[in-house]
Amino acid sequence: MKRQSKRSNTLFSHFRLQYKVIHALILREIHTRYGRDNLGFLWVIGEPILFCAGVAIVWTAIRPAREHGLTMTALVVTGYVPLTMWRHCMGRAIKAYESNGSLLFHRQVTPFDIITARTFLEIIGTIMAGIMVLGGAVALGYMKPPENYGLIVLGLIYQSFFSYATALLAASLSEMSDLVEKIVAVISYLSLPFSGAFIMVAWLPLRYQWILMLSPMANNIEMIRGGQFGIEASVRYDLFYDTWMTVLLMLIGIILTAGVRKHLEITG
Amino acid sequence: MIKCVDIVKEFHTSSGVRRVLNGVNCTVQRGEKWGILGHNGAGKSTLLRIIGGVDLPTSGQVEQDMSVSWPLAFGGAFQGSLSGLDNLRFIARIYDRDYGEMRRFVDDFAELGQHLREPVKTYSSGMRARLAFALSIAIEFECYLIDEVIMVGDARFSERCRRELFEKRADRSLVIVSHSMDFIKDTCDHSMVLRDGKMTICDSVQEGVDMYNSF
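Protein sequences, first through last, are from chains A and U. The first sequence begins at 1 in UniProt numbering and counts up by one. The second sequence begins at 1 in UniProt numbering and counts up by one.
The reader is advised that the hints may include incorrect statements.
As the list claims (entries may be wrong) - BS3-like, lysine-lysine: derived pairs with alpha carbons at most 27 angstroms apart:
#: 1; chain 1: A; residue 1: Lys182; chain 2: A; residue 2: Lys262
#: 2; chain 1: U; residue 1: Lys3; chain 2: U; residue 2: Lys168
#: 3; chain 1: U; residue 1: Lys198; chain 2: A; residue 2: Lys262
#: 4; chain 1: A; residue 1: Lys262; chain 2: U; residue 2: Lys185
#: 5; chain 1: U; residue 1: Lys185; chain 2: U; residue 2: Lys198
#: 6; chain 1: U; residue 1: Lys3; chain 2: U; residue 2: Lys198
#: 7; chain 1: A; residue 1: Lys182; chain 2: A; residue 2: Lys20
#: 8; chain 1: U; residue 1: Lys168; chain 2: U; residue 2: Lys185
#: 9; chain 1: U; residue 1: Lys121; chain 2: A; residue 2: Lys95
#: 10; chain 1: U; residue 1: Lys3; chain 2: U; residue 2: Lys185
#: 11; chain 1: A; residue 1: Lys20; chain 2: U; residue 2: Lys121
#: 12; chain 1: A; residue 1: Lys20; chain 2: A; residue 2: Lys95
Since the hints were made in silico from the structure, they are not lab data.
Starting from the given sequences, assemble the full structure and let the hints guide the process.
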């Protein structure tokens, strides 16, 4: 076997290595989570599909067909897909470093790579699931095709970054304090009204609308609904605020992640 | 070269902060074989983990200009729920090695046969040790960090390790922690002794062994 001692040490080679690591982590994640035997990769999409489709079907069945003039199925799909993305990213991030301690034995694997791989998988999974559920609902006549795909894509991009930022935060904070680990589930549940998944800004009285608009996710879901319903719905989002808030969360997440190794006691 | 500069490591325990390493300095040059001696709980394995980049020191730093293996011990480095092959595949990917080539070497060295397809958590400690050695040797590190407890394998495995690591790869550095004097005397050409968080560098292996025995 050849000896490979001389390695190039350029920025590009570092990026290449990190890319390889993240790629390997994603494949490994699929194998650990879904096993090799049963359709492995399909479950990345299958799991969120069952979630989103299930909720969409139940809500369509038990709720009035329209709310504030908008069809129920479309409201549920546009709200629930981004919400699932966020909750799954966060759920996967809690204590992710401790449960993956064996990975950190290899010095090229960083905490950053672990969260990036997991988040990427969740984001791809939920978006694919969203497309499938949308396709199914349109084919069955419960939903109209989106009016403006560009706005939906924009909303999903913002939502992906928001989910990534919260995953970085949750992963680091849950290692630093046990209390955080315990209360994250509660927080993510209590924050549901502020997610904007089940409500729209325009449904609120004018003087309280700003509260919902403080939530980046609510802004993102407004964008997605704007893309879905077109002029049928009145949507409000603040791109300026949303951008800076997401960037800020992302920065804090990156800083915490860079320093998190001090707090880790790796067993394995 | 690996250089440890003023390594301090503290652990937070229920009885307050415990300082395990208190300003450890040492240097390992290319090709040198170091044995670190010390009693149980002296911090030998902790130091090995810090050199291997698994744990961060509370203060101080590790400088290195050669590739250093992960600490070869019973735990760590493998995902228990994945099969030996999947672990191999993952490690080949992140160390940028050819899977086929690595697979052949591991098959040949570890002789795990069909067990390679079973989850690593079902392995005996001897099987884990064989897998860990096979993988790290296939990666061709320039320095190997070895926790002596892992060398308990059967005679056949010990012989194979000796041949692959100490003969064919005699140019590599080794850092071995151990309380087996004979093992250190056989394999190392330098020694240091860890006691009360401080490291004493010895002139010869024999001096280190004598010092360790005098404690």
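Hint by hint, here is what the structure shows:
no.	hint	verdict
1	A:Lys182 - A:Lys262	holds (21 angstroms)
2	U:Lys3 - U:Lys168	holds (25 angstroms)
3	U:Lys198 - A:Lys262	holds (22 angstroms)
4	A:Lys262 - U:Lys185	violated (36 angstroms)
5	U:Lys185 - U:Lys198	holds (22 angstroms)
6	U:Lys3 - U:Lys198	holds (15 angstroms)
7	A:Lys182 - A:Lys20	violated (34 angstroms)
8	U:Lys168 - U:Lys185	holds (19 angstroms)
9	U:Lys121 - A:Lys95	holds (21 angstroms)
10	U:Lys3 - U:Lys185	holds (23 angstroms)
11	A:Lys20 - U:Lys121	holds (26 angstroms)
12	A:Lys20 - A:Lys95	holds (23 angstroms)
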